[in-house]
Amino acid sequence: MGGGGTAYITGYEANFINPANLKIRDRGTNFSFGIGGAGTFYTPAMPTDNITDQFNHYRDYLDAYQPGAFTISSQEKQELLERNYPNKRQLSEHQHRVDAILGGVHWQRGDHAFSLTARARTSTRIEVGRGWYDDRFIEHRSTSVRNMDLVQQSQFMYEFSFGYAQTFDFLTGLIPRVGRVYIGLAPKFIIGGSYQNINYDSRYWFTDEMDQPSLTHSFDYHSTGNYSQATEFYSAGGEPATAVESNFPSSFPTDYSDYTKPTGYGAGFDFGLVYLLSIGDDFSLARAGDDQVVNKSLRLGFSVTDIGFVAYSKNPFTMAQRPDTSVAPVSGTSDTRFEGSPGQYLSFFDRAGQNLNPLRQGNGEVGAQKSRFTALLPTSFNAGMLLQLNRLKLSADLTLGLNDTAFNNTKLIGHFGVEFSPIKTIPIRLGTQLASGYPLLWSAGTGVEMEHWEFSIGAQFLSHGNTPTLELGGAAFSGLKFHF
1 MGGGGTAYIT GYEANFINPA NLKIRDRGTN FSFGIGGAGT FYTPAMPTDN ITDQFNHYRD
61 YLDAYQPGAF TISSQEKQEL LERNYPNKRQ LSEHQHRVDA ILGGVHWQRG DHAFSLTARA
121 RTSTRIEVGR GWYDDRFIEH RSTSVRNMDL VQQSQFMYEF SFGYAQTFDF LTGLIPRVGR
181 VYIGLAPKFI IGGSYQNINY DSRYWFTDEM DQPSLTHSFD YHSTGNYSQA TEFYSAGGEP
241 ATAVESNFPS SFPTDYSDYT KPTGYGAGFD FGLVYLLSIG DDFSLARAGD DQVVNKSLRL
301 GFSVTDIGFV AYSKNPFTMA QRPDTSVAPV SGTSDTRFEG SPGQYLSFFD RAGQNLNPLR
361 QGNGEVGAQK SRFTALLPTS FNAGMLLQLN RLKLSADLTL GLNDTAFNNT KLIGHFGVEF
421 SPIKTIPIRL GTQLASGYPL LWSAGTGVEM EHWEFSIGAQ FLSHGNTPTL ELGGAAFSGL
481 KFHF
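Sequential numbering of the sequence shown, starting at 1, is according to this note's numbering.
Simulated from the structure, these hints should not be mistaken for lab results.
Some clues are possibly wrong.
Unchecked claim - Okay, derived cross-link-like pairs now, EDC-like style, lysine to aspartate or glutamate, Cα gap no bigger than 20 Å in a straight line:
no.	residue 1	residue 2
1	Lys261	Asp99
2	Lys314	Asp258
3	Lys411	Glu93
4	Lys77	Asp335
5	Lys77	Asp169
6	Lys88	Glu76
7	Lys88	Asp149
8	Lys424	Asp404
9	Lys261	Glu239
The structure presented is a predicted model; accordingly, all values stated were derived computationally and were not measured.
Based on the sequences and whatever the hints tell you, model everything.
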């Protein structure tokens with residue numbers, strides 16, 4: 001359905017998307033539970049239409065970085081620039097994400113609905129400046145710039161959520177009997193695993209009045225777990241290959257539990273509203289109220305998700321450099337593309353040379369510290385609608401992140417989808433996702449929805465306007481859910 005769901009998702013998964021949807025009945029049962037269900041998503045830097053190469057790229061990303069991995073030729077570097085930096089774009093953004101529903105229970109009782117849900121999720125988001133691959137200066141107003149930014153944010157979390165929803169009687173009493181307003185809240189407890197936030201803001205620049213370019217840069221770094229151990233070892237003078245080999249799993253999923261070991265704890269909540277209006281000749285709400293399944297309706301949903309924080313205290317490591325400008329020799333371009341695989345940042349900075357390596361510049365003015373820190377959750381505003389006409393559903397969502405994290409950024413993202421059931425028990429789902437700076441995403445899925453059990457599967461594909469390839473970018477399955 002395009003990755004949205006503010007008005008579409010019901011059941012215990014709604015805890016994390018819009019808790020108000022817990023009160024919506026899409027089948028005539030009061031109790032449901034399920035075990036398992038996961039989805040993964042990956043936007044690589046280089047295109048390929050070979051499914052085997054796509055799978056190998058995904059595995060290379062999960063495994064610890066090996067010297068020589070992601071090496072690119074001059075021709076591949078040009079292809080990378082054309083794909084990721086069209087029209088003189090200065091930054092390219094990529095993400096890898098996995099979400100897994102470990103289990104959940106959802107039940108309705110009178111005017112109230114409840115749910116308990118456990119989820120594990122991890123994500124890595126990177127931003128890479130054009131200047132790492134292109135030595136040309138791009139004119140911006142009266143200044144010529146070569147962008148050398150590098151951002152990598154990685155985070156793992158367990159979440160245990162309790163959801164509650166009920167009819168919002170105050171607003172419901174002000175609208176026609178064929179409509180209902182529901183409100184929901186889902187507080188959650190969080191166990192944080194390994195965490196890393198690299199924010200290197202750097203660029204060469206000059207004007208017509210200058211004899212040679214200047215380098216302006218600043219650096220901010222926070223980490224826990226194996227990221228801290230590897231970075232501390234390298235910044236003290238160790239070799240990057242040794243730091244990676246000693247602290248990151250060499251082959252997925254071997255020793256992947258290192259990422260999941262608790263390094264911090266936090267709390268948060270998700271909040272939602274939904275307006276359900278029965279339309280056409282469906283007067284179910286007027287006849288039987290909240291206990292009736294509505295087959296022809298318009299839903300309007302709004303939610304604020306991931307309000308909260310995680311306080312990290314186990315093996316924390318931070319570094320910082322205040323903004324500084326100096327005259328420095330202009331470096332060459334990288335012969336390796338940055339994908340953000342575990343530990344690659346050490347080798348990437350190491351090969352960049354002293355001028356562009358913030359981990360080996362005397363630790364800056366602020367220096368390295370082992371003090372606790374707090375990270376905000378990936379808070380976002382979500383608004384969506386769903387038009388249901390019996391076996392046809394049309395959905396549209398808008399999502400706006402409030403901060404830059406491993407899971408989201410502050411760009412507006414649109415999700416659009418359609419679901420049609422040619423056979424009552426077999427839905428066909430299609431969707432797309434639109435966002436500035438990202439490839440166009442297409443999704444497709446299906447499943448089986450029986451009276452007392454169901455499961456779903458889906459896949460997502462990447463399409464770039466300037467390349468002819470269509471890549472497999474993600475896949476998901478819901479696991480078995482049971483209804484009584």
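So, going through the hints one by one against the coordinates:
{"no.": "1", "hint": "Lys261 with Asp99", "verdict": "holds, 17 Å"}
{"no.": "2", "hint": "Lys314 with Asp258", "verdict": "holds, 13 Å"}
{"no.": "3", "hint": "Lys411 with Glu93", "verdict": "holds, 12 Å"}
{"no.": "4", "hint": "Lys77 with Asp335", "verdict": "holds, 8 Å"}
{"no.": "5", "hint": "Lys77 with Asp169", "verdict": "violated, 60 Å"}
{"no.": "6", "hint": "Lys88 with Glu76", "verdict": "holds, 18 Å"}
{"no.": "7", "hint": "Lys88 with Asp149", "verdict": "holds, 15 Å"}
{"no.": "8", "hint": "Lys424 with Asp404", "verdict": "violated, 42 Å"}
{"no.": "9", "hint": "Lys261 with Glu239", "verdict": "violated, 25 Å"}
Of the numbered hints stated above, those contradicted by the structure are hints 5, 8 and 9, listed in ascending order.
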